[in-house]
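So the chains spell out like this:
2 protein chains.
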Amino acid sequence: MPREDVTKVVLPESELPTAWYNILPDLPGEPLPPLHPGTMQPVGPEDLAPLFPEALIMQEVSSERWIDIPGPVLDIYKQWRPSPLYRARRLEQSLGLTGKQRLYYKWEGVSPAGSHKPNTAVPQAYYNKQAGIRKLTTETGAGQWGSALSYACATFDLECLVFMVKVSYEHKPYRRVMMQTWGANVHASPSNETQAGRNILEKNPESTGSLGIAISEAVEIAAQNADTSYALGSVLNHVCTHQTIIGLEAKRQMEAFEDVPDVVIGCVGGGSNYAGISYPFAMDVLEGNAKTRFLAVEPEACPTLTRGIYAYDFGDTAGTTPLMPMYTLGHDFVPPPVHAGGLRYHGDAPSLCGLVKAGMYEARAYMQTPVFEAALQFSRAEGFLPAPEPSHAIKGAIDEALAAREADEERVILFNMCGHGHFDMSAYDAFLSGTLVDFPLADDALDASLQSLPPQPAPA
Amino acid sequence: MPREDVTKVVLPESELPTAWYNILPDLPGEPLPPLHPGTMQPVGPEDLAPLFPEALIMQEVSSERWIDIPGPVLDIYKQWRPSPLYRARRLEQSLGLTGKQRLYYKWEGVSPAGSHKPNTAVPQAYYNKQAGIRKLTTETGAGQWGSALSYACATFDLECLVFMVKVSYEHKPYRRVMMQTWGANVHASPSNETQAGRNILEKNPESTGSLGIAISEAVEIAAQNADTSYALGSVLNHVCTHQTIIGLEAKRQMEAFEDVPDVVIGCVGGGSNYAGISYPFAMDVLEGNAKTRFLAVEPEACPTLTRGIYAYDFGDTAGTTPLMPMYTLGHDFVPPPVHAGGLRYHGDAPSLCGLVKAGMYEARAYMQTPVFEAALQFSRAEGFLPAPEPSHAIKGAIDEALAAREADEERVILFNMCGHGHFDMSAYDAFLSGTLVDFPLADDALDASLQSLPPQPAPA
Chain A
1306 MPREDVTKVV LPESELPTAW YNILPDLPGE PLPPLHPGTM QPVGPEDLAP
1356 LFPEALIMQE VSSERWIDIP GPVLDIYKQW RPSPLYRARR LEQSLGLTGK
1406 QRLYYKWEGV SPAGSHKPNT AVPQAYYNKQ AGIRKLTTET GAGQWGSALS
1456 YACATFDLEC LVFMVKVSYE HKPYRRVMMQ TWGANVHASP SNETQAGRNI
1506 LEKNPESTGS LGIAISEAVE IAAQNADTSY ALGSVLNHVC THQTIIGLEA
1556 KRQMEAFEDV PDVVIGCVGG GSNYAGISYP FAMDVLEGNA KTRFLAVEPE
1606 ACPTLTRGIY AYDFGDTAGT TPLMPMYTLG HDFVPPPVHA GGLRYHGDAP
1656 SLCGLVKAGM YEARAYMQTP VFEAALQFSR AEGFLPAPEP SHAIKGAIDE
1706 ALAAREADEE RVILFNMCGH GHFDMSAYDA FLSGTLVDFP LADDALDASL
1756 QSLPPQPAPA
Chain B
1306 MPREDVTKVV LPESELPTAW YNILPDLPGE PLPPLHPGTM QPVGPEDLAP
1356 LFPEALIMQE VSSERWIDIP GPVLDIYKQW RPSPLYRARR LEQSLGLTGK
1406 QRLYYKWEGV SPAGSHKPNT AVPQAYYNKQ AGIRKLTTET GAGQWGSALS
1456 YACATFDLEC LVFMVKVSYE HKPYRRVMMQ TWGANVHASP SNETQAGRNI
1506 LEKNPESTGS LGIAISEAVE IAAQNADTSY ALGSVLNHVC THQTIIGLEA
1556 KRQMEAFEDV PDVVIGCVGG GSNYAGISYP FAMDVLEGNA KTRFLAVEPE
1606 ACPTLTRGIY AYDFGDTAGT TPLMPMYTLG HDFVPPPVHA GGLRYHGDAP
1656 SLCGLVKAGM YEARAYMQTP VFEAALQFSR AEGFLPAPEP SHAIKGAIDE
1706 ALAAREADEE RVILFNMCGH GHFDMSAYDA FLSGTLVDFP LADDALDASL
1756 QSLPPQPAPA
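Residue numbers (the numbering used here), protein chains in the order written: chain A, 1306 to 1765; chain B, 1306 to 1765.
Same shape as in the complex, but just chain A:
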């Protein structure tokens, strides 16, 4: 039986994990490499060299299970890590559970930027600094990733250039100010700083931008300047690997609670926070040592895993990246403006998609109204205000608990609270005032966006 005298487990710094877990060598089936869209041949390290430093490229394709975390990265992690893991006892009570179904959550909102994103922003900044890079560029939509990279760059004394989608730049000024406080240079995208931006503005001076355009701008600057790299906040393997610090800590903390999760839940946009909490538990399943279930939760408005198809597709909207094997809605897909901006992505991390494809990971989609109902129930019970993204995981966890109660089954549920909602209060306002709108995805709209899939490689 689990320990009932503990609210949260906070590990001492001495128990901070010192290596990340790389799931690549453990994935079921043959690895599917990213392909060059021109040649349809596997992309090699040399193709990525203009954008990323060698250390990160090596991690991207590494077959080593464990990757040592550099000392200077551990030093920065200690500003907020190990992050706490809670037993959601008050949420259980508010659901009328009596201990047979138990809820636990990992709380990543304690980082300076308020989410899990610094777990990878910090090592990315570190490896770039080591490689002699002077400046990092990136794009940001809602602002979580741009904030995390701005913080990481301040930490390792790098310049940071953020292209922020213009509509967000105008509607979320406080995220912009946060980045500037850490010293970043923030441009509304499309901007006049790049050829890509100028081309868009020439055609449409009133363009409000898109993540695809912002990526093009950030990549252009990095590709043209030897002292500048590009940084990506999700999807890629090295990003998912860095995030496994979450799950590695969570395993030790669940042991301290003397409990074992039956199901591990997280929200999925590009996949990095859910990869982070779940891969260390998946390792045990892949080794045959556990029978944990895995549940990825996404918005009905952007149902990549539940309604997308498994195919090679571009990572970006503009169609300039390598082709990646993943569940996708088509790279042309324009997600409706749900408040969970971090979940509005047409694809998902290839490693995660492989686990869904293999039948090991389940996926579920929700409309945003029941998600905000879950967020409200959580915040009144547990206090913390979740961001819209992890509120999807909360909804999934609540439904799992209620289903187990219905079936009179014991079920231990662990979910990832990947960030706070302090910069998302307008979404709560919309929910509380009854103006929140749901965006079901029509079949014909999905069919249309799937037309954007590129030609697929011939079967091997």
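These are computed hints drawn from the structure, not numbers from a lab. Heads up, a few of these hints could be off.
Chain copies aren't distinguished; within one or between two, either way the pair holds.
When the alpha-carbon atoms are kept at most 30 Å apart in a straight line, the in silico DSSO-like pairs for lysine-lysine are as follows [said to hold, decoys possible]:
| # | residue 1 | residue 2 |
| --- | --- | --- |
| 1 | LYS1313 | LYS1596 |
| 2 | LYS1313 | LYS1383 |
| 3 | LYS1596 | LYS1662 |
| 4 | LYS1383 | LYS1405 |
The hints should help you fit chain B onto chain A, whose structure is shown.
Same frame as chain A, now just chain B:
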């Protein structure tokens, strides 16, 4: 020598202090009781009974040094307590310090409401619930206290009615939404809910409100309804006592660092966060077991301790509370709109003022521009974004460190980071864009507001 291998100390829940420290019996000199403004006689418990439950009234006048923290309050404290204590090593580096001057900070921004305020909101809600009270009323300006009480009421299933100064209600909508998310009922003050509000609106329908008016509205509702109490977020003794959980934890954490603070620093508005971190250290000095210095930091725009006079004055602007012995700028004083809304109070906690009067506590005032410079330096080094209020403490700590370096003296400095600035980014924006304005207080303006002091009691 201090431990150099530790970034932060996070105590396990098992080391959470189980009693608060009440400084009243240890204060130097004869205690000066609050006086009834009509009779000029000491106020008795019966005068406070219409507003507060008996348990809190007893704590207000208690001569017991230690007050046990009830189990249900400890259970809620464990949602975020013990809070971490950091060695600000990266800030030291950015200041060019080499270890002879050492900076430590206690981080209260990890609470659900984002500040130290829940340390007292939670026990206040608990004691009211125990007394059969159904609803709490309060006022809030910037919103920190209203948020904390809303959270506490959600926790103990009490109704919460918050009168929010209208200008803040309109300019800080996200603080309002935060309170509503926790289920509070929030009115812009002056409101039509009370006679006090209606009187103001009749004279001036466009009134933007004031903290004084909001207090009058909250007190009116509590005084008229037997099932309703009023809750105050600072100044009173029971509030300062609840906050000593901060300093009690900090003492154990400094021991874990194997270091001893030479000076303890905090910002002062009503005084509760600084009382909280400093009184447990002051206890040792009062007992003759330590020689710690104490430095209270306030805004030049509202320089209660540095330019106010020590006298009996009303706690509120409207002149309806008991008279309290304190440093005051006169209860008519209208502080200019500095961003540190929590420091805009004409008086200070009587216990804290007594320690300043006795020469044991020092005080210093700063303009807000150098305070935001310090906030920026802190956030770029340590990551976390401080609220404008604790940024005053940061500025004080930096100046102490630099003065000690100048004198080539060893100095160990502990300061309280009492809350995050996630809802204050407009202030950072003003600073970064060069539009921040300072508000020096002219002598004649101070002389005018001191005219509002009531007749003083005859010397004993």
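Item checked: Structure versus earlier hints, numbers of those that do not hold, lowest first -> Going through the list in order, the structure violates no hint and respects every one.
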